[in-house]
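Asks: Here is what each chain is made of, one letter per residue.
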Amino acid sequence: MDKDSEITKNNELLLRIDKSIYEKSAILKTCYLFQDKFHTNIKQLSDSTYGIFLKRKNDKLEFGDLAKNFFNELIDQQIRLENERMFGDLRREIVKQAFKPIHYNEIKSKFEDKSS
Amino acid sequence: MKSLTGEPNNFDSVLVGRISNKQVKSKERKNTIFIISNLNEDIRGYKAIITSVKVGKKIPSSFLKIPFIHSVKDFESLFNGDLVLLEMHSGTITIMFEKNSTHNSIFATSRCNSKCIMCPQPSKKDPPKSERINLELVKLIDKSTHAIGITGGEPTLGRNNLIRLLKECNKNMPQAQIQLLTNGILLKNMDYVEEIVNIGIDNLIFCIPIYADTDLEHDFIMQRKNSFQDTIQGLYNLEAFEQSIELRVVVFSHNFKRLPQIADFFYHNFPFVMHIAFMGIELEGLAKENRKKLWISPLDYIAFLEKAVLYLSQRDMEVSIYNEQLCLLPKSLWAFSCKSISDWKNIYIEECNSCKMRENCGGFFKSVISEHRKLINKKNCK
Amino acid sequence: MRTIKPYTILPYRFMRFKDEVLLVNEAGDFIFVKNTDFDKFRKFELRTQAETFLNLKSKHLVTESNLALPVYQLATKYRTKKSFLNDFTALHIFILTLRCNQKCRYCQAGSENETCYEHDMDISIAKKCVDYVFKSPSPVIKIEFQGGEPLLNFEVLKFVVKYAKALNKKHKKDLEFVVCTNLIALSDKILKFLKKNKILISTSLDGPRNIHDANRILPNGEGTYEIVLKNIKRAQVTTGAQNVAALMVTTKSNFHNLEKVVDEYIAKGFDSIFFRTLHPFGRAARERNTLGYDIEEFVRNYKKALNYIIEINLSGKYFSEIYATIVLSRILTPFSTGFVDLQSPAGTGIGCAVYSQNGDVFVSDEARMLAKMGDLRFRIGNVKENTYKEIFDGKTLREIISSSCVETLPQCSECAFQMYCGADPVRNYYAQGSLIGHKPTSEFHERNYLIIKHLFELIRQDDPEIMNVFWSWITNRSIYDIKRINIRELNEKPNR
Numbered sequence: 037m038d039k040d041s042e043i044t045k046n047n048e049l050l051l052r053i054d055k056s057i058y059e060k061s062a063i064l065k066t067c068y069l070f071q072d073k074f075h076t077n078i079k080q081l082s083d084s085t086y087g088i089f090l091k092r093k094n095d096k097l098e099f100g101d102l103a104k105n106f107f108n109e110l111i112d113q114q115i116r117l118e119n120e121r122m123f124g125d126l127r128r129e130i131v132k133q134a135f136k137p138i139h140y141n142e143i144k145s146k147f148e149d150k151s152s
Numbered sequence: 002m003k004s005l006t007g008e009p010n011n012f013d014s015v016l017v018g019r020i021s022n023k024q025v026k027s028k029e030r031k032n033t034i035f036i037i038s039n040l041n042e043d044i045r046g047y048k049a050i051i052t053s054v055k056v057g058k059k060i061p062s063s064f065l066k067i068p069f070i071h072s073v074k075d076f077e078s079l080f081n082g083d084l085v086l087l088e089m090h091s092g093t094i095t096i097m098f099e100k101n102s103t104h105n106s107i108f109a110t111s112r113c114n115s116k117c118i119m120c121p122q123p124s125k126k127d128p129p130k131s132e133r134i135n136l137e138l139v140k141l142i143d144k145s146t147h148a149i150g151i152t153g154g155e156p157t158l159g160r161n162n163l164i165r166l167l168k169e170c171n172k173n174m175p176q177a178q179i180q181l182l183t184n185g186i187l188l189k190n191m192d193y194v195e196e197i198v199n200i201g202i203d204n205l206i207f208c209i210p211i212y213a214d215t216d217l218e219h220d221f222i223m224q225r226k227n228s229f230q231d232t233i234q235g236l237y238n239l240e241a242f243e244q245s246i247e248l249r250v251v252v253f254s255h256n257f258k259r260l261p262q263i264a265d266f267f268y269h270n271f272p273f274v275m276h277i278a279f280m281g282i283e284l285e286g287l288a289k290e291n292r293k294k295l296w297i298s299p300l301d302y303i304a305f306l307e308k309a310v311l312y313l314s315q316r317d318m319e320v321s322i323y324n325e326q327l328c329l330l331p332k333s334l335w336a337f338s339c340k341s342i343s344d345w346k347n348i349y350i351e352e353c354n355s356c357k358m359r360e361n362c363g364g365f366f367k368s369v370i371s372e373h374r375k376l377i378n379k380k381n382c383k
Numbered sequence: 271m272r273t274i275k276p277y278t279i280l281p282y283r284f285m286r287f288k289d290e291v292l293l294v295n296e297a298g299d300f301i302f303v304k305n306t307d308f309d310k311f312r313k314f315e316l317r318t319q320a321e322t323f324l325n326l327k328s329k330h331l332v333t334e335s336n337l338a339l340p341v342y343q344l345a346t347k348y349r350t351k352k353s354f355l356n357d358f359t360a361l362h363i364f365i366l367t368l369r370c371n372q373k374c375r376y377c378q379a380g381s382e383n384e385t386c387y388e389h390d391m392d393i394s395i396a397k398k399c400v401d402y403v404f405k406s407p408s409p410v411i412k413i414e415f416q417g418g419e420p421l422l423n424f425e426v427l428k429f430v431v432k433y434a435k436a437l438n439k440k441h442k443k444d445l446e447f448v449v450c451t452n453l454i455a456l457s458d459k460i461l462k463f464l465k466k467n468k469i470l471i472s473t474s475l476d477g478p479r480n481i482h483d484a485n486r487i488l489p490n491g492e493g494t495y496e497i498v499l500k501n502i503k504r505a506q507v508t509t510g511a512q513n514v515a516a517l518m519v520t521t522k523s524n525f526h527n528l529e530k531v532v533d534e535y536i537a538k539g540f541d542s543i544f545f546r547t548l549h550p551f552g553r554a555a556r557e558r559n560t561l562g563y564d565i566e567e568f569v570r571n572y573k574k575a576l577n578y579i580i581e582i583n584l585s586g587k588y589f590s591e592i593y594a595t596i597v598l599s600r601i602l603t604p605f606s607t608g609f610v611d612l613q614s615p616a617g618t619g620i621g622c623a624v625y626s627q628n629g630d631v632f633v634s635d636e637a638r639m640l641a642k643m644g645d646l647r648f649r650i651g652n653v654k655e656n657t658y659k660e661i662f663d664g665k666t667l668r669e670i671i672s673s674s675c676v677e678t679l680p681q682c683s684e685c686a687f688q689m690y691c692g693a694d695p696v697r698n699y700y701a702q703g704s705l706i707g708h709k710p711t712s713e714f715h716e717r718n719y720l721i722i723k724h725l726f727e728l729i730r731q732d733d734p735e736i737m738n739v740f741w742s743w744i745t746n747r748s749i750y751d752i753k754r755i756n757i758r759e760l761n762e763k764p765n766r
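Residue numbers (the working numbering), protein chains in the order written: chain A, 37 to 152; chain B, 2 to 383; chain C, 271 to 766.
Excised from the complex, chain A in its bound form:
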């Protein structure tokens, strides 16, 4: 079995992501977040696995807990995707209601009555 993370010959951190658990969108969003300190590259390693290559922008930076942090964030991004499917419509409904004029028809008809 492949390890989930390893340091490559090019001094990049390689993370193996199971395609069946994480959607591409979640993976891309997670990569985006880490672009403050790392260059990111994604390759398909096999039918079931994506490989994320993280290259340090600054050589003095340590990899440290990067793998752990990346996977944690990936889980949260996946949760967010599923949340969007669950209540995205409700969210839009709330904003729509927020900007809907209140009792517009009643106000409108009152205004029209007064002007006639």
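The hints are simulated quantities; they were obtained by calculation from the structure and are not laboratory data.
Take the hints with a grain of salt, since some may be wrong.
[Stated by the list, open to error] Covered stretches of chain B, as calculated for chain C (at least 3 residues, CB under 8 Å):
id : segment
1  : 130 to 138
2  : 253 to 267
[Claimed, not checked] Result set (PhoX-like, lysine-lysine): computed pairs, CA atoms no more than 20 Å apart in a straight line:
id : chain 1 : residue 1 : chain 2 : residue 2
3  : B       : K74       : A       : K136
4  : C       : K574      : A       : K136
5  : A       : K132      : C       : K574
6  : B       : K23       : B       : K74
7  : B       : K308      : C       : K753
8  : B       : K140      : B       : K130
9  : B       : K332      : C       : K753
10 : A       : K104      : C       : K288
11 : B       : K48       : B       : K130
Quantities reported herein were computed from a predicted structural model and do not represent experimental measurements.
All C-beta atoms, glycine included, are put in the ideal place defined by N, C-alpha and C.
Dock chains B and C against chain A, hints included.
Replies: Relative to chain A, chains B and C alone:
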């Protein structure tokens, strides 16, 4: 309301009038109820007479044409300027409006559309002609009155009655503050709110109870489904018309643990209200029957109450505590305590006689005396 | 067999804080829950009688049978939060002149030689600008005089004030004036005019003498501390201390000593400070090496200074930090806070407009700086050439605004801080090449994110004393008022 009894004469009616213990000008007499302690007084033109004296079989001739109630005990509790309701068939004298009190209320109706589990004034049918009586009462109220409450039952039931009553109040006491105690449920209809607002009362406050920060809990306490939703809709409608609102929370066993969350809920959802009042429970009516289930000792809820009150005060919301004795409140809450119990319900116990703060303290409801006495004895009276 | 969910989860955003999770609902109400409770909540395993569940319900994060009510309440609260949008442009900045009598090392405003009068706004343009100001539907109008040094064009300042007040007789708006000045040219005549017309003064004080004079210098290199302080005093005495405010710019010269800057502000009679960061424009960009710092360092120092200020408040003296106060208001209150530099959609144009000395209208001062450097991307029009509608309802402004809604920006769209934060498309464009920018490497993002996170850490600790300080800032009351230490008279209230 306080009431007295006596022996009525044969007139069969219900009357409203203003008490006077001395003679008044003839044009005022038709609305005045003269209270006398000797039967030789000139009683011509008065609406009715009340006397402590016993009138025997021989009725003085002047008394034949005028409604009167005799042999009245507690004669001394009738003050000049009080407004009373005389029920001639039973000889009951009910003091509807006390001249010397700042806590007078008009009962718009006894009916209610909810059945709160701690209701001190459970719903019942209205006596006949109650609307006419209320309107007469309002006409007699002193124009210089500072404040009057409109309560019930649920005043918003009988929409036309309420509108008429409010219009009459506005006409006769344009400077008074009118406090409308309502559960706000029927105010979910925007046009009802609009109709009230259009009366044009300068100083009108809607006093609305909310007992919980979540729907099922509030609905259970109200014993009415969707009351939480309806009341909130009513609140937003009132706010749309920029009306003054006071939220009231009765503190008892069902909600005391969530007082801080209730305060938080009010702040985030109704930041526009003018005032928030936390009230001790009155163990009358339904509350009396269920006292074991409803009663929670102030010693147990004080910590939650303190958190809730200070939370709101921190956020610059106006907040008060009604119906709570100063000796049971921590000093941090003294500034929020209000003398608020209607005078007819309010007493002090003997231990209070030595208390320095008695003047400033709200005292007790009669109905909670026994519970409170146990607590007061445990603490040091200051 | 289908399982029916025991409750409905309402829209939320989340962020992890050690052993807890911050949940924020669609209207910006928040709650911290334990990690274990968060997992149960997500998986529909919370017991509906549990206290946590009731707390989430109260915060409109879950609901049982009633969906209509929480949606209605959330919509109402959302509308309240965004009500800063209702009134359109309230802040109108007049660049009276590009001339300046100082030559600050970090200047981004543009400071031409004092004698180059062609850089002044003339009366005909000023008049047209005021006409356009009053076309704004906002019932509150704030006219802010900037420059260069606005007092150098005092004649036009006077004209604008008089003409605006005359127009306002018809419009009856809540009209306010501010002059952003270094106070060097504060003659008695000018001071008298400012007092008579109730014009607020906003000046710059970077710290005690050695800090202030490190960067805020005259063209000949001399410091300005002495004269600035003398004139601050004169202004405070004449117009009242509450009408004189000071701002500072954080540079390498002072960011290790922010506490000393606070001490200086208190000593000189100010009751608030704003730790503004350097913007990479103008001279500041050229002097980056000597003046600049990285954001993480800045935030470390900011946190220290904030602690220091909190301690000062706890000892009884009211003193607030403005940025923290604004963010705390957004987090802790249900109200809308208008702050054009950090809002969504951005305040560019729709909250604030800049009228430069030649009549060009820009969405922000940075937009004007870009124009000076040759890029007219953010010029939305000119008062001599375009109608009000062309300027404020034109394609340029709409494009800028639609790129500034955090609800739709990458990384922002999922962020738990969304309701408390904002976007700066002009800054993104300048620093990173596009209106949307690249969030992970954005200094604007980093600064706001780190400070908001720090404030949430403090809120999470729930120290009652610190919370009292925060509320004293938000409600603008002293700690004693917050704690009700003076027990108010226990009189019977007339309304009860």
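Asks: For each hint, tell me whether it holds in the structure or not.
Replies: Hint-by-hint comparison with the structure:
1. 130 to 138: This one is violated; 0 residues, fewer than the three required, reach chain C with a Cβ under 8 Å.
2. 253 to 267: holds (count 4)
3. B:K74 with A:K136: violated, 64 Å
4. C:K574 with A:K136: Judged against 20 Å, a Cα distance of about 45 Å means the pair is violated.
5. A:K132 with C:K574: violated, 42 Å
6. B:K23 with B:K74: holds, 19 Å
7. B:K308 with C:K753: holds, 12 Å
8. B:K140 with B:K130: Status holds; Cα separation ~16 Å.
9. B:K332 with C:K753: holds, 12 Å
10. A:K104 with C:K288: The hint holds at about 14 Å.
11. B:K48 with B:K130: holds, 18 Å
Of the numbered hints given earlier, the model fails hints 1, 3, 4, 5; all others are met.
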